[in-house]
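Participant: Each chain, written out:
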Amino acid sequence: MKETQQDLSYKQKEYWKKNTRLIRILLVIWALVSLVAAIILAKPLSEIQFFGVPLAFWFAQQGSIIIFLILTFYYAIRMDKLDKEYDVQEVILTEESSSKDKGVST
Amino acid sequence: MSVESLTLTLVILTFAIYLYIGWRSKVKDTSNFFVAGKDIPAAANGAAIAADWMSAASFISMAGLISFLGYDGTIYLMGWTGGYVLLALLLAPYLRKFGRYTVPDFIGDRYYSNGARAVAAVATLFISLTYVAGQMRGVGIVFSRYLQVDIVVGVLIGMAIVAFFAVLGGMKGITWTQVVQYSILIVAFLIPAIAISFKLTGNPVPQLALTFSDIARELSILQVELGLKEYVAPFTDMSGLNVFAVTLALMIGTAGLPHVIIRFYTVKNVRAARWSAGWALLFIALLYTTAPAIGVFAKYNLINSFNDQSIEQVREEAWVTKWEETGLLTLEDKNGDGVLAFSSDAAANEVTIDPDIIVLSTPEVAELAPIVIALVAAGGLAAALSTASGLLLAMSSAVSHDIYYRIYRPNASEEQRLKIGRIMIFLAVIVAGYFGVNPPGFVGEVVAFAFGLAAASLFPAILLGIFDRRMNREGAIWGISIGLAFTVIMILLMRSPQVFGTETPVIESFFGINAQGIGVVGALLNFIISFIVSRRTAAPPEEIQQMVEDIRVPKVMDKTG
Numbered sequence: 001m002k003e004t005q006q007d008l009s010y011k012q013k014e015y016w017k018k019n020t021r022l023i024r025i026l027l028v029i030w031a032l033v034s035l036v037a038a039i040i041l042a043k044p045l046s047e048i049q050f051f052g053v054p055l056a057f058w059f060a061q062q063g064s065i066i067i068f069l070i071l072t073f074y075y076a077i078r079m080d081k082l083d084k085e086y087d088v089q090e091v092i093l094t095e096e097s098s099s100k101d102k103g104v105s106t
Numbered sequence: 001m002s003v004e005s006l007t008l009t010l011v012i013l014t015f016a017i018y019l020y021i022g023w024r025s026k027v028k029d030t031s032n033f034f035v036a037g038k039d040i041p042a043a044a045n046g047a048a049i050a051a052d053w054m055s056a057a058s059f060i061s062m063a064g065l066i067s068f069l070g071y072d073g074t075i076y077l078m079g080w081t082g083g084y085v086l087l088a089l090l091l092a093p094y095l096r097k098f099g100r101y102t103v104p105d106f107i108g109d110r111y112y113s114n115g116a117r118a119v120a121a122v123a124t125l126f127i128s129l130t131y132v133a134g135q136m137r138g139v140g141i142v143f144s145r146y147l148q149v150d151i152v153v154g155v156l157i158g159m160a161i162v163a164f165f166a167v168l169g170g171m172k173g174i175t176w177t178q179v180v181q182y183s184i185l186i187v188a189f190l191i192p193a194i195a196i197s198f199k200l201t202g203n204p205v206p207q208l209a210l211t212f213s214d215i216a217r218e219l220s221i222l223q224v225e226l227g228l229k230e231y232v233a234p235f236t237d238m239s240g241l242n243v244f245a246v247t248l249a250l251m252i253g254t255a256g257l258p259h260v261i262i263r264f265y266t267v268k269n270v271r272a273a274r275w276s277a278g279w280a281l282l283f284i285a286l287l288y289t290t291a292p293a294i295g296v297f298a299k300y301n302l303i304n305s306f307n308d309q310s311i312e313q314v315r316e317e318a319w320v321t322k323w324e325e326t327g328l329l330t331l332e333d334k335n336g337d338g339v340l341a342f343s344s345d346a347a348a349n350e351v352t353i354d355p356d357i358i359v360l361s362t363p364e365v366a367e368l369a370p371i372v373i374a375l376v377a378a379g380g381l382a383a384a385l386s387t388a389s390g391l392l393l394a395m396s397s398a399v400s401h402d403i404y405y406r407i408y409r410p411n412a413s414e415e416q417r418l419k420i421g422r423i424m425i426f427l428a429v430i431v432a433g434y435f436g437v438n439p440p441g442f443v444g445e446v447v448a449f450a451f452g453l454a455a456a457s458l459f460p461a462i463l464l465g466i467f468d469r470r471m472n473r474e475g476a477i478w479g480i481s482i483g484l485a486f487t488v489i490m491i492l493l494m495r496s497p498q499v500f501g502t503e504t505p506v507i508e509s510f511f512g513i514n515a516q517g518i519g520v521v522g523a524l525l526n527f528i529i530s531f532i533v534s535r536r537t538a539a540p541p542e543e544i545q546q547m548v549e550d551i552r553v554p555k556v557m558d559k560t561g
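If you read the sequences in order, they're chains F and Z.
Throughout the first sequence, residue numbering follows this note's numbering, covering 1 to 106 in sequence.
Throughout the second sequence, residue numbering follows this note's numbering, covering 1 to 561 in sequence.
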């Protein structure tokens, strides 16, 4: 019994470690496409053309937002997989709130 | 039908829909009232967040603001979308797992302190109040502009509508009306955008037209010829340091805004919280990637329709005289040559354009049917009402749930709590309406306040509460207090002409960072002080550390082993 509990907390730590590693990577990309590409490197990247606009301008007014969107959905998809791998998906939410809701809407 | 009667019909129709939804989703318990019974599907919550988030300012003013800022308009574009990545990755899933009703709930419980709870509740109230004043004003302005109704009457009508569905339906009523309001506002925003994009570039997708056509570069060249700034060049109005600080402050502030955070409590589970952040960003990005395109197209079009044109000829266009009458457009042939000219020199400039015209005039400039103009009015109202209702709920829950129930009367019954919640939301409507009718002189300035405070107080405290198990009560309270105090003092000193009526600001900037960006420094101070103080004081109690472990996983791992 004691051993399984230790296994459990080890597994939980491992899940958290994988989660925070993913978060770190995604946040680095988040900062690179916004704060770095559109602000810190704005001057040099303005020299490069990206189709009709300078590359820095594209990052500042289009690209960064599009990449933010990809990062957020990618995180949701990856975490779905991680939840499954570690068997921590929620089937339904707590009975308390689901039962309360019945018969109230419409 | 005239534009006015079309607008009136459409506005009445949309209001009827909101009232109907409010009536259908009337609630009987606090869970439904504060967090919509935690039963909202991820995509619907995403749409509700988007409507909650995008205000009258986002809808009417932002594209125009960007078209005047040029490249530096990115502070709003990246600042107000980048925060959702932080929410999705760092806050939303864990707060949903925590699963209570409000932001002060989390701060009070996690830091086992009613003092921290009270500070968070007061911060929530203050942040939401500064925000909501502008929304009610927006409702009044849309009414007066499109229906020639007095601003005060417009505010009163808006108050009555919001009060109805918010008091009856609480979060549930607000959520479903917001879903409808999002649909209306995004359609109203996209139709004129697609039309002007097609007219100028032949490409109907504004985002693609901006990237793949030469129009941004042409606008840049045109502006330089007129002595205005180069549109696509960075840092023409603001220093690079300020663009950096303001963008980051708006990102962190967005992630710390209570009315946005509480929306993540309304979904079914942790997974839905992650996905609804994605949906929210998708729905927001639809508008936020279109706005810079409209900014470029409309400005290019306006410059070409006025510059070097005869003033007589220009005035033959119906929309020109209409907007001249509102005072948003001023044409003045200063040198008497009968031809209009733009100039960077105010004394010689003959065309003055209010930024709001960029969005408002687009349907007429693109020669769209009057129904589209009516739709834009309904869209502006939807944007203002949806944001106002979300803020009102955040204010109501801070008083009725956090202060009344959690601190003052923990034994209050379900009925009492619900009743207080309804009374508070009603009071909040009155207060918001008051500020809508009598806006404080520095309304524009207090927005910097809302984001700065959220960035310097709530965001670091929540983040550390999740990711730093060792963070304790002392660290959080010191961090919040010093972060808040620093930010408030700095903004007051930099905005002293508007707030205290001094002739010049007491200080111009903090090492080059202006009032809009100062929240970043406040947040940094909060993080550093929290960390130092927490490591020199006792660790949080065992059950709090256990709670932190619990919110980190969607479901506690199988206990039977």
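Everything labelled a hint here was simulated from the structure, so no lab data went into it.
Treat the hints loosely; a few may be bogus.
[What the hints assert, rightly or not] Okay, derived cross-link-like pairs now, SDA-like style, lysine to any residue, Cα gap no bigger than 25 Å in a straight line:
#1 F/Lys11 x F/Leu22
#2 F/Lys17 x F/Leu82
#3 F/Lys11 x Z/Glu543
#4 F/Lys17 x Z/Glu218
#5 F/Lys84 x Z/Ile466
#6 F/Lys43 x Z/Glu218
#7 F/Lys84 x F/Ala37
#8 F/Lys11 x Z/Ile544
#9 Z/Lys322 x F/Glu14
#10 Z/Lys555 x F/Lys43
#11 F/Lys11 x Z/Lys229
#12 F/Lys11 x Z/Lys334
#13 F/Lys13 x Z/Arg535
#14 Z/Lys229 x Z/Asp109
#15 F/Lys43 x Z/Pro541
#16 F/Lys13 x Z/Arg470
#17 Z/Lys334 x F/Lys13
#18 F/Lys84 x Z/Ile551
#19 Z/Lys334 x Z/Glu367
#20 Z/Lys555 x F/Arg21
#21 Z/Lys97 x F/Lys43
#22 F/Lys13 x Z/Asp109
#23 F/Lys13 x Z/Asp550
#24 Z/Lys26 x F/Arg21
#25 F/Lys43 x Z/Asp308
#26 F/Lys81 x Z/Asn114
#27 F/Lys13 x Z/Pro541
[Said to hold, decoys possible] Simulated restraints, written as ranges between beta carbons of each label pair:
#28 F/Ala31 x Z/Ile507: 46 to 54 Å
#29 F/Ile77 x Z/Gln416: 40 to 48 Å
#30 F/Lys13 x Z/Ile371: 42 to 50 Å
#31 Z/Glu225 x F/Glu47: 17 to 25 Å
#32 F/Phe51 x Z/Phe198: 17 to 25 Å
#33 Z/Glu508 x F/Ala31: 27 to 35 Å
#34 F/Ile77 x Z/Thr9: 37 to 45 Å
#35 F/Ala31 x Z/Gln545: 29 to 37 Å
#36 Z/Asp150 x F/Leu32: 30 to 38 Å
#37 Z/Ser310 x F/Leu27: 37 to 45 Å
#38 F/Ala31 x Z/Ile532: 20 to 28 Å
#39 Z/Glu414 x F/Arg24: 25 to 33 Å
#40 F/Lys13 x Z/Ser496: 34 to 42 Å
Where is the CB? At the ideal position from N, CA and C, for every residue including glycine.
Participant: Run the distance test for F/Lys11 versus Z/Ile544: straight-line Cα separation, threshold 25 Å.
Facilitator: Cα-Cα ~20 Å, so holds.
Participant: The hint says 30 to 38 Å between Z/Asp150 and F/Leu32; measuring C-beta to C-beta, is that right?
Facilitator: Distance hint for Z/Asp150, F/Leu32 is violated at roughly 51 Å.
Participant: Given the hint that Z/Lys322 pairs with F/Glu14, does the C-alpha gap stay at or below 25 Å?
Facilitator: Distance of about 65 Å is beyond 25 Å: violated.
Participant: Using the C-beta atoms of F/Ala31 and Z/Gln545, is the stated range 29 to 37 Å upheld?
Facilitator: holds, 30 Å
Participant: Would you mind confirming whether the straight-line C-alpha gap from F/Lys81 to Z/Asn114 stays at or under 25 Å?
Facilitator: violated, 38 Å
Participant: CA of F/Lys11 to CA of Z/Lys334, is that 25 Å or under?
Facilitator: violated, 76 Å
Participant: Do F/Lys13 and Z/Ser496 keep their Cβ atoms within the hinted range of 34 to 42 Å?
Facilitator: Roughly 51 Å apart at Cβ, these two residues miss the hinted range, so it is violated.
Participant: Between the alpha carbons of Z/Lys334 and Z/Glu367, is the straight-line distance 25 Å or under?
Facilitator: violated, 29 Å
Participant: Taking 25 Å as the top limit, are the C-alpha atoms of Z/Lys229 and Z/Asp109 close enough?
Facilitator: violated, 52 Å
Participant: Is it true that Z/Glu225 and F/Glu47 lie within 17 to 25 Å of each other by Cβ?
Facilitator: holds, 21 Å
Participant: Given a hinted range of 20 to 28 Å, is it respected by the beta-carbon distance of F/Ala31 and Z/Ile532?
Facilitator: holds, 25 Å
Participant: Are the Cα atoms of F/Lys84 and F/Ala37 separated by 25 Å or less?
Facilitator: violated, 35 Å
Against the hints set out earlier in the document, violations occur for numbers 4, 7, 9, 10, 11, 12, 14, 15, 17, 19, 21, 24, 25, 26, 28, 30, 36, 37, 39, 40.
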